[in-house]
Each structure stands twice: as structure tokens, then as C-alpha cells.
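Here is how the chains run, residue by residue.
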Amino acid sequence: MQNLKILVVDDDPVTLTLLQKRLKKEDYEVETAIDGVSAIELINANYYDVILTDLMMPGGVDGIGVLEAAKKINIKTEVILITAHGSVDNAIKAMKKGAADYLQKPVNLDEVLLRMEKIRSMKMLLKNANDLRDAMDITEQTSAETIQNLELALSEMEKLFTKVKTILAMEDVPAKERIALALEKL
Amino acid sequence: MVKIKPDEINLLSKYIYDISGINIDNTKAYLLETRLGKLLETDNCSTYKDLYYAARKDPSKILEKKIIDAITTNETLFFRDSSPFELLKYKIVPEIIDARSNPNSRQVTSSIRIWSAACSTGQELYSIAITLKELLFDVYKYRINLLGTDISNAAVAQACAGVYKKFEIERGLPPDKLKKYFSPNGIGWKIKDDIRKMATFKTLNLLEQFNYIGKFDIIFCRNVAIYFTLEDRKKLFNRIAEVLEPDGFLIIGSTESLTGVCPRFVPKRHLKSIFYQLK
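Sequence order for the protein chains is A and B. Position one of the first sequence corresponds to residue -7 (our numbering), numbered consecutively onward. Position one of the second sequence corresponds to residue 45 (our numbering), numbered consecutively onward.
Derived from the structure by calculation, the hints contain no laboratory data. Hints are not guaranteed to be accurate.
Unchecked claim - Here are the simulated DSS-like cross-link-like pairs (lysine-lysine), alpha carbons at most 27 Å apart as the crow flies: (1) A:Lys119 x B:Lys82; (2) A:Lys63 x B:Lys224; (3) B:Lys236 x B:Lys185; (4) A:Lys68 x B:Lys221; (5) B:Lys105 x A:Lys68; (6) A:Lys63 x B:Lys234; (7) B:Lys177 x A:Lys(-3); (8) B:Lys109 x B:Lys323; (9) B:Lys221 x A:Lys89; (10) A:Lys110 x B:Lys236; (11) B:Lys246 x B:Lys133; (12) A:Lys63 x B:Lys221; (13) A:Lys151 x B:Lys278; (14) A:Lys110 x A:Lys68; (15) B:Lys278 x A:Lys64; (16) B:Lys278 x B:Lys323; (17) A:Lys64 x B:Lys82; (18) B:Lys177 x B:Lys82; (19) B:Lys58 x B:Lys105; (20) B:Lys223 x A:Lys89; (21) A:Lys64 x A:Lys115; (22) A:Lys157 x B:Lys58; (23) B:Lys223 x A:Lys63; (24) B:Lys105 x A:Lys88; (25) A:Lys151 x B:Lys316; (26) A:Lys(-3) x B:Lys246; (27) A:Lys64 x B:Lys209.
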């Protein structure tokens, strides 16, 4: 699977650059936004596998706002919230709204990478399951066609045999004629 | 993981057959390990034999139910294979409504009953409900009665709740239908009340007598008989024939066949789908 496309959202330029550099080093494709409003503009225009966003941001759109917008546009986007130390309540609120995970400040970069790796493997598993289902669907469709055609052909054949049986059982018709009539049906 | 021994395979396959009718032959013995393995841990059994005796000895039958829940396959999707629902929409429901309506007043004179015979976690029955809701302007006026049954209590409980996880719903269900008929529920989705109230769910073992459930105009019995022996399949479809209205419709799984199973049904084609009616 291709590497994840990640959007990092934080109003602190230092954290933003730090996260961007570290994630890029791991070959992730990274874009950044300096607040919730510009994050939503980007989400509207591009698909991201993961959005890593600060919870508290100025400008009227906070991390929850980013989460809600992202989930509305594409449910497949996973969102990780970064919360201030001690604001677990908010983080849990976010998880209930569909966030994949949360991290507490100060952000430990190794932890970020571990979370990304977890999401990557989860997405791979999901893709694998979907591929298997696709393969199963194709097999099922093809065999369904064969089976259904056979089912109808057999049913027609059965009708024919019943007719032939009835003809052969007609006692008032001479045997030779019965056979001729039956052969005609076949 | 605890390995299952050959004598345990026989013991458990026979037990599972007795309680559920599901036929696990030796080639599918791995199913016992993958599906029952977890029960060994949760129910403190060190071997499969222990699990068997614990289940047999349990008068509450809780363990028996857990085994049924674990062994049944709940692979199901909303609108799994779209053709039966197209068939329902364009052929079956219009015909049944016509047949059950007074030609003068256009009012339905009797209720229309639909049965999803192995409903699993409810996706099939709710897909039927959604199809009907989209087809009929005022669905409630038609006195439509939807019943879903399954052998697994856990599956029936989930169907009743109508709550689905993300991955159970994203495939098969188009986003517009998801938004229209479901509301977000924590990290999953919940079927909306107007669809939920159209359906009733019950636990039922298809290999036991079920004529007490009454007669149906439309029966869905898809991808469940494949787990039964030929003899049990014969019994099942004969019993289904008993509870299907004379002009009713039966839909089976797209890769299933009734040839050599039940001569009382004849297959008929509508566009790309097959349905069955009584002879």
C-alpha cells in the first residue's frame, strides 16, 4: 500500500514544522495547515488518510470542528487529536465523535510514528479484506450465472420429460405412434 | 492456541450438528479451531473435550448459545448482491401488491408478509425495508410485515438494536442511503426509527418446526442452507414450501440451487435474477 497522506494542523509553527519534518523523514506525504479554517479548505480540496490536529486552535474552528468536517467529507479519513496535558475529557469526547486516537502534549514524536504505523496497518488490513470480498464477489457472480442457467435448463428438461412420459403412457395410441410423438417433442 | 484432536473433531461436529444443523465435515475442522478457540479461554476450558462437556452440562444453555454464536457465519452486507433487491422492487412487490389489492379501491386487503429466514445481524431485512420505503410512497399504508429470524441470539440482538460498526456498513451501502436511513451512533451508525419499526426479529432454528410463524408472501432464504446436509436442505425447503403463499416468491442465494432438493418449487427468471414459485 502507498504511504499515508497526512495533514498536520497546529497553530504553533514550531510544532507544525517539527511534525512535518519527522513524518516526511519516514516517507509519509505531509501537508500542513496553520489553523482549523485553512485545514477545512484543504480537506475540501484533497483526500487525506490521516489528519493530525491540535484540539485548541484560534479562528473559530477547533480540532473537533476539523474532525467533524473531515468525517463528513470522507468517513475513511482517520483523525488524531493533540490535546493539552490534562484535558482527557475533551479527547474522549473527540473519540466518541469518531477520532481514531489522541495524543497528549508535549507530543512525543516516536509515539506519533507508532500511531501512524498502527493506522497504516489497519488500513492495509481493511484493504486486504475489501480485496478479498471483491474477489469473492466476482467468483460468486460467475458461478451464480452458471448455476442459474443450469437450474433453468434442468427445469425445462424436467417439463419436457414429463410431457414425453405422458405421451408414452397414452394407452389408446399405438406404441409406434406414441414413440413418434415422443421423439417429436425431443 | 490449543490444537483440536481428531476425536474432539468428531465429538464437536456432531454436537454442533445437533444444536444448529450446521454440518462441519472433516475438511472444515479448522473452523472449529478458529471459531471456538476463543471460548476455551473465556470459559476456562483447557481442551475442546472440556468445552463440549461444559456445554452439555450447562442447564442454562448459555454456553450452547455461545457456541452457536461463534460457529455461525455472519458475513452479510447491506444490499449484498444487488439483484434480489432489484427483483423485489421491479417485479415481486408490485405483483404482490396487485394480487393483494382490491381492483376497485386499490386498497390492500390483506397484510403483506416478508420473511428473512437467516437474517444474521439484520442487514438483509433492513435492506428490504429500505427498498420498500423507496418504492412505495406511503409504505405504512400497505400493512407490510417484515420478520427476520436467525439461530444466533447475538446476531438477533444486534439486528434488534440496529447498530452497526463502521466497517459493517461502509461497503454495500451507498453514502446517500447511509445518510438518509442511519444516524451516527458513537463510532458507528444506527438505523433510523422509521425503518427500525417496520421490522421484527426473533431467534429461530430452521431445522426445527416453524409453521407456527404463519404464511409469507415473500421469503428470503439466502446462503444458509449451504451449511446443511442435503437431507436437511430437503426438509428445510419442504417446510418453506408449507409457509409460502401459493402465489408467493422465494429467493435463495445466487449460487444456490434447488435442483434435487425440492421439486415443489420451479425456478423463474426475471432479467438477471432467479426466483422460485410453487408449482
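Hint check:
no.	hint	verdict
1	A:Lys119 x B:Lys82	25 Å, holds
2	A:Lys63 x B:Lys224	16 Å, holds
3	B:Lys236 x B:Lys185	19 Å, holds
4	A:Lys68 x B:Lys221	17 Å, holds
5	B:Lys105 x A:Lys68	41 Å, violated
6	A:Lys63 x B:Lys234	16 Å, holds
7	B:Lys177 x A:Lys(-3)	39 Å, violated
8	B:Lys109 x B:Lys323	38 Å, violated
9	B:Lys221 x A:Lys89	20 Å, holds
10	A:Lys110 x B:Lys236	33 Å, violated
11	B:Lys246 x B:Lys133	25 Å, holds
12	A:Lys63 x B:Lys221	16 Å, holds
13	A:Lys151 x B:Lys278	21 Å, holds
14	A:Lys110 x A:Lys68	15 Å, holds
15	B:Lys278 x A:Lys64	49 Å, violated
16	B:Lys278 x B:Lys323	16 Å, holds
17	A:Lys64 x B:Lys82	37 Å, violated
18	B:Lys177 x B:Lys82	40 Å, violated
19	B:Lys58 x B:Lys105	17 Å, holds
20	B:Lys223 x A:Lys89	16 Å, holds
21	A:Lys64 x A:Lys115	19 Å, holds
22	A:Lys157 x B:Lys58	43 Å, violated
23	B:Lys223 x A:Lys63	12 Å, holds
24	B:Lys105 x A:Lys88	35 Å, violated
25	A:Lys151 x B:Lys316	22 Å, holds
26	A:Lys(-3) x B:Lys246	45 Å, violated
27	A:Lys64 x B:Lys209	16 Å, holds
Hint violations for this structure: numbers 5, 7, 8, 10, 15, 17, 18, 22, 24 and 26, all remaining hints satisfied.
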